[in-house]
Amino acid sequence: MSGPAVQKKRLMPADMPWHWSMSVPTSQGWRIDDPGSLIFTGAQFSVDASGKTLGRSDIEVQTDNVFTNITRVLREAGADWSNVVKMNTYYVFDGPENDATEFWEKMTRVRVRFYANPAHCGTGVRVSGLPGDGLLISAAAIAVLPSQASPQG
Amino acid sequence: MPADQPRNSLMPQSLSQGWKVDDARGLLFVGGQISADREGVVVDPGNLQAQVHNVFTNIGRVLRDGNATWSDVVRLDAYYMLDDDHDPVGYWDVVSAVSAEFLPDPGPVWTAVQVPGLAYPGLLIEIDATAVVEG
Numbered sequence: 063m064s065g066p067a068v069q070k071k072r073l074m075p076a077d078m079p080w081h082w083s084m085s086v087p088t089s090q091g092w093r094i095d096d097p098g099s100l101i102f103t104g105a106q107f108s109v110d111a112s113g114k115t116l117g118r119s120d121i122e123v124q125t126d127n128v129f130t131n132i133t134r135v136l137r138e139a140g141a142d143w144s145n146v147v148k149m150n151t152y153y154v155f156d157g158p159e160n161d162a163t164e165f166w167e168k169m170t171r172v173r174v175r176f177y178a179n180p181a182h183c184g185t186g187v188r189v190s191g192l193p194g195d196g197l198l199i200s201a202a203a204i205a206v207l208p209s210q211a212s213p214q215g
Numbered sequence: 135m136p137a138d139q140p141r142n143s144l145m146p147q148s149l150s151q152g153w154k155v156d157d158a159r160g161l162l163f164v165g166g167q168i169s170a171d172r173e174g175v176v177v178d179p180g181n182l183q184a185q186v187h188n189v190f191t192n193i194g195r196v197l198r199d200g201n202a203t204w205s206d207v208v209r210l211d212a213y214y215m216l217d218d219d220h221d222p223v224g225y226w227d228v229v230s231a232v233s234a235e236f237l238p239d240p241g242p243v244w245t246a247v248q249v250p251g252l253a254y255p256g257l258l259i260e261i262d263a264t265a266v267v268e269g
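Chains as they are written, first to last, in the numbering used here: chain A, 63 to 215; chain B, 135 to 269.
No lab work stands behind these hints, which were simulated from the structure alone. Don't be surprised by glycine CBs; every beta carbon is placed ideally from N, CA and C. Treat the hints with care, as some may be off.
[To be verified] The calculated lysine-lysine pairs, modelled on DSS-like cross-linking and capped at a C-alpha distance of 27 Å, are:
#	chain 1	residue 1	chain 2	residue 2
1	B	Lys154	A	Lys71
2	B	Lys154	A	Lys70
3	A	Lys114	A	Lys168
[Stated by the list, open to error] Non-contacting residues of chain A with respect to chain B, defined by C-beta distances greater than 12 Å in every case (computed):
#	residue
4	Asp110
5	Leu116
6	Glu122
7	Trp143
8	Ser144
9	Glu167
10	Thr185
11	Ser209
[What the hints assert, rightly or not] If we take Cβ atoms under 10 Å as the criterion, some of the chain B residues that face chain A in the derived model are:
#	residue
12	Ala158
13	Gly160
14	Gly165
15	Ser169
16	Gly174
17	Asn188
18	Thr191
19	Arg195
20	Arg198
21	Asp199
22	Met215
23	Val228
24	Val249
25	Tyr254
26	Glu260
27	Asp262
Using the sequences and the hints given, assemble the complete structure.
Structure (structure tokens):
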């Protein structure tokens with residue numbers, strides 16, 4: 063995509079004491095100045111056109127479907143993952159607590175296949191349920207695009 | 135702050151009911167902050183006060199790198215797990231007391247969502263922030 067660079071600054075404090083449990087391109091924050099267009103995707107789910115759950119009890123299949131669906135919404139707005147600045151992922155995990163990290167990493171290995179590098183910042187939220195039978199994950203993104211009226215840079 | 139708005143006494147008293155920002159120049163998103171080390175190992179497991187302090191300190195680091203301050207924060211989203219040591223009142227007393235060390239008064243709007251767990255066992259709270267810098 064050509065066009066003027068968005069006024070975006072990735073925020074990765076040098077003195078930040080923590081990182082995720084695996085290597086990810088995720089950022090700690092983004093500052094955006096004079097945004098042109100803001101894009102909010104709705105929560106995406108692993109369902110077919112009739113609303114039937116796809117990949118029941120398979121977090122990898124469901125994650126792939128959810129993130130593919132987000133890609134579709136971004137594309138409709140002329141955006142891609144490099145334009146995403148923030149996202150929230152909501153997931154269901156009801157196994158033993160000691161397996162929580164392994165589950166999160168399994169899900170995250172699929173998520174990062176979609177991410178730009180460097181990627182948006184994000185928040186992962188474990189929830190007790192999602193609106194659909196057997197759904198394990200839902201996610202939504204916020205993206206920023208340069209103004210359509212801006213001169214080509 | 136609608137005068138006739140009921141409010142939740144559990145939540146930090148500096149919280150606002152809404153903010154309108156005119157002439158927004160910069161938007162700042164802070165990803166969910168947790169109390170962990172550089173390998174993703176939870177720091178201060180089971181210690182709510184310390185975890186809240188670490189989370190707010192980490193949010194402050196991102197704000198600083200984005201040339202923003204706590205006064206620019208318009209919204210905090212908190213995801214929290216009740217532990218065995220606190221009932222909801224005691225839990226939010228701790229969060230409110232620690233947050234008061236960081237937040238201006240009036241402070242941002244808050245959402246708070248109790249969750250069945252967080253990414254890593256031992257985490258009690260994760261908070262992300264949205265800030266708007268005026269031109």
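Results of checking the hints against the structure:
Proposed proximity of Lys154 of chain B and Lys71 of chain A is supported: the alpha carbons are some 24 Å apart, at most 27 Å. The straight-line distance between the Cα atoms of Lys154 of chain B and Lys70 of chain A is roughly 23 Å, inside the 27 Å bound, and the hint therefore holds. Between Lys114 of chain A and Lys168 of chain A the CA atoms are separated by roughly 23 Å; this keeps the pair inside 27 Å, and the hint holds. The claim that Asp110 of chain A lies off the interface holds: its Cβ sits roughly 28 Å from the closest Cβ of chain B, which is beyond the 12 Å cut-off.
Non-interface call for Leu116 of chain A relative to chain B: holds, since the shortest CB-CB distance, roughly 24 Å, exceeds 12 Å. For Glu122 of chain A, the condition that its CB be more than 12 Å from all CB atoms of chain B holds, with the nearest at approximately 17 Å. Under the 12 Å C-beta cut-off, the non-interface status given to Trp143 of chain A relative to chain B holds; the minimum distance is some 15 Å. At the 12 Å boundary, the C-beta of Ser144 of chain A stays outside the reach of chain B, the nearest C-beta of that chain being 15 Å off.
For Glu167 of chain A, the condition that its CB be more than 12 Å from all CB atoms of chain B is violated, with the nearest at approximately 9 Å. Look at Thr185 of chain A: its CB is around 3 Å from the nearest CB on chain B, not clear of 12 Å, so calling it non-interface is violated. Taking the minimum C-beta to C-beta distance to chain B, about 14 Å, the non-interface status of Ser209 of chain A holds against the 12 Å cut. Given hint, Ala158 of chain B at the interface with chain A, holds; its Cβ is 9 Å from that chain's nearest Cβ, closer than 10 Å.
Given hint, Gly160 of chain B at the interface with chain A, holds; its Cβ is 5 Å from that chain's nearest Cβ, closer than 10 Å. Checking Gly165 of chain B against chain A by beta carbon gives a least distance of about 3 Å; that is within 10 Å, so the hint holds. Given hint, Ser169 of chain B at the interface with chain A, holds; its Cβ is 7 Å from that chain's nearest Cβ, closer than 10 Å. Given the 10 Å rule on beta carbons, the hint for Gly174 of chain B holds: about 3 Å separates it from the nearest Cβ of chain A.
Evaluation of the Asn188 of chain B hint against chain A yields a held restraint, the C-beta minimum of about 8 Å falling below 10 Å. Checking Thr191 of chain B against chain A by beta carbon gives a least distance of about 8 Å; that is within 10 Å, so the hint holds. Interface hint status for Arg195 of chain B: upheld, as the beta-carbon distance to the closest one in chain A is roughly 4 Å, under 10 Å. Hint status for Arg198 of chain B: holds, given a least beta-carbon distance of 7 Å to chain A, under 10 Å.
Residue-level restraint check for Asp199 of chain B holds (minimum Cβ-Cβ distance to chain A is 5 Å; threshold 10 Å). The beta carbon of Met215 of chain B comes within 9 Å of a beta carbon in chain A, closer than 10 Å, and the hint placing it at the interface holds. Evaluation of the Val228 of chain B hint against chain A yields a violated restraint, the C-beta minimum of about 20 Å exceeding 10 Å. The interface hint given for Val249 of chain B is met, as the beta carbon of that residue sits about 5 Å from the closest beta carbon of chain A, less than 10 Å.
With a cut of 10 Å, the hint placing Tyr254 of chain B at the interface with chain A holds, because the nearest CB-to-CB distance is about 5 Å. For Glu260 of chain B, the interface hint holds, since its Cβ comes within 10 Å of a Cβ in chain A; the closest pair sits about 7 Å apart. Residue-level restraint check for Asp262 of chain B holds (minimum Cβ-Cβ distance to chain A is 5 Å; threshold 10 Å).
Hints 9, 10 and 23 from the earlier list are contradicted by this structure; the remaining hints agree with it.
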